Amino acid sequence: MKIMRVVKTLVSTNRIDTMGHRPLLVVQEKEGSAPSVAVDAVGCVPGDWVICVGSSAARDAAGAKDYPSDLTIVGIIDHWAP
Amino acid sequence: MKIMRVVKTLVSTNRIDTMGHRPLLVVQEKEGSAPSVAVDAVGCVPGDWVICVGSSAARDAAGAKDYPSDLTIVGIIDHWAP
Amino acid sequence: MKIMRVVKTLVSTNRIDTMGHRPLLVVQEKEGSAPSVAVDAVGCVPGDWVICVGSSAARDAAGAKDYPSDLTIVGIIDHWAP
Amino acid sequence: MKIMRVVKTLVSTNRIDTMGHRPLLVVQEKEGSAPSVAVDAVGCVPGDWVICVGSSAARDAAGAKDYPSDLTIVGIIDHWAP
Amino acid sequence: MKIMRVVKTLVSTNRIDTMGHRPLLVVQEKEGSAPSVAVDAVGCVPGDWVICVGSSAARDAAGAKDYPSDLTIVGIIDHWAP
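Chains as they are written, first to last, in the working numbering: chain G, 1 to 82; chain Z, 83 to 164; chain X, 165 to 246; chain R, 247 to 328; chain W, 329 to 410.
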């Protein structure tokens with residue numbers, strides 16, 4: 001899993017039906033690195049340092065075997081000093 | 083998921099049957115970065131900033147469990163300033 | 165999917181049985197980049213620019229769910245100017 | 247699989263239920279490289295050099311097909327001089 | 329698949345049961361690049377140039393659907409001049 005910081009929410013009105021209404025968040029490994037999009041499964045806010053799971057595990061973690069995610073936030077880190 | 087920009091459509095006359103007639107698009111993370119090919123599941127046009135899902139999730143997102151995709155466009159981002 | 169160029173065929177006499185007699189090709193993203201090995205599912209020749217699918221989709225694309233491939237050529241690009 | 251060194255344990259009080267109480271460890275390939283988070287399936291301590299498996303294999307290795315891991319420690323290396 | 333060179337065998341006494349007694353080998357893409365660990369499914373020796381398969385295909389290639397591998401050697405290359 002990767003350690004990433006939540007930057008902000010992402011709005012995508014035109015998306016496939018199977019994504020449902022799960023919140024999508026922009027995350028990045030560190031200031032200046034390429035942003036990724038993660039599905040939020042724990043309820044976090046911008047600034048949180050979180051654990052993101054990828055690969056096929058991201059789908060179950062997002063709540064269903066056929067959920068179209070390859071990056072899902074599965075935990076908020078209690079204390080993290082990057 | 084990755085945030086990518088749609089560059090153009092890609093024509094491949096000689097391809098395997100299971101790809102069907104789904105549109106294939108050239109996408110890239112930013113100007114000058116290596117281009118990738120994504121299957122379009124939402125209907126987007128060149129210039130759009132989109133959400134691309136990879137891993138095994140790309141297959142279901144493309145419409146069928148056995149669709150041969152490892153990168154599928156699942157949403158168009160409403161506003162994105164890279 | 166990645167856009168790659170076919171360099172040459174690869175001979176591996178000692179290989180696991182499940183690979184069968186499918187042709188293996190050396191491919192690379194551009195001159196000088198690290199070579200990869202892909203299973204040919206469309207019938208291409210050195211010099212062709214092709215679409216390569218990875219992840220679990222590479223297995224089905226190679227013809228069977230248990231085929232041991234993580235990179236399979238699924239289409240030849242009609243025109244490509246890198 | 248990757249060869250990584252265990253740095254320390256990671257505490258995440260707010261995490262999804264399916265992660266259970268498995269220990270989460272911060273690991274890295276070498277001093278200064280980006281840290282990752284791995285699920286410990288063998289019982290190791292900070293300073294150990296370990297074998298980490300990724301992809302879908304990380305899930306079974308963590309103990310269950312639906313465990314949300316994409317990086318699991320599957321062995322401690324007896325002697326390793328990086 | 330990747331083209332890698334076998335460096336040496338790796339000993340891990342403390343490992344999870346499902347790994348069994350399959351030989352683990354240290355492999356690398358070229359002199360000086362980061363070493364990886366691969367499961368040997370063909371019987372190779374240090375110095376061999378081999379084809380390594382990753383992703384979920386590495387599991388079947390290692391002999392069983394639930395074998396915890398994400399990198400398995402599936403063939404020895406007859407002639408390779410890097």
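Simulated from the structure, these hints should not be mistaken for laboratory data. Any given hint could turn out to be false.
[Stated by the list, open to error] Think about it this way: if two alpha-carbon atoms lie no more than 16 Å apart in a straight line, the pair counts; the simulated EDC-like pairs of lysine to aspartate or glutamate are:
#1 K2(G) with D324(R)
#2 K8(G) with D160(Z)
#3 K2(G) with E29(G)
#4 K2(G) with D48(G)
#5 K166(X) with E111(Z)
#6 K84(Z) with E111(Z)
#7 K84(Z) with E29(G)
#8 K393(W) with D230(X)
#9 K330(W) with D212(X)
#10 K30(G) with D48(G)
#11 K90(Z) with D242(X)
#12 K311(R) with D406(W)
#13 K172(X) with E193(X)
#14 K336(W) with D324(R)
#15 K254(R) with D78(G)
#16 K172(X) with E195(X)
#17 K229(X) with D148(Z)
#18 K65(G) with D148(Z)
#19 K229(X) with D394(W)
#20 K311(R) with E29(G)
#21 K84(Z) with E113(Z)
#22 K229(X) with E193(X)
#23 K172(X) with D376(W)
#24 K336(W) with D394(W)
#25 K147(Z) with D230(X)
#26 K166(X) with D230(X)
#27 K65(G) with E275(R)
#28 K330(W) with E357(W)
#29 K248(R) with D406(W)
#30 K393(W) with D324(R)
#31 K112(Z) with D99(Z)
#32 K147(Z) with D40(G)
Every value quoted in this text rests on a predicted model; they were computed, and no experiment measured them.
request  = Could you work out which earlier hints the structure fails to respect and list their numbers in ascending sequence?
outcome  = The structure conflicts with hints 1, 9, 12, 20, 22, 23, 24, 26, 27, 29, 30, 31, 32, although it agrees with all the remaining ones.
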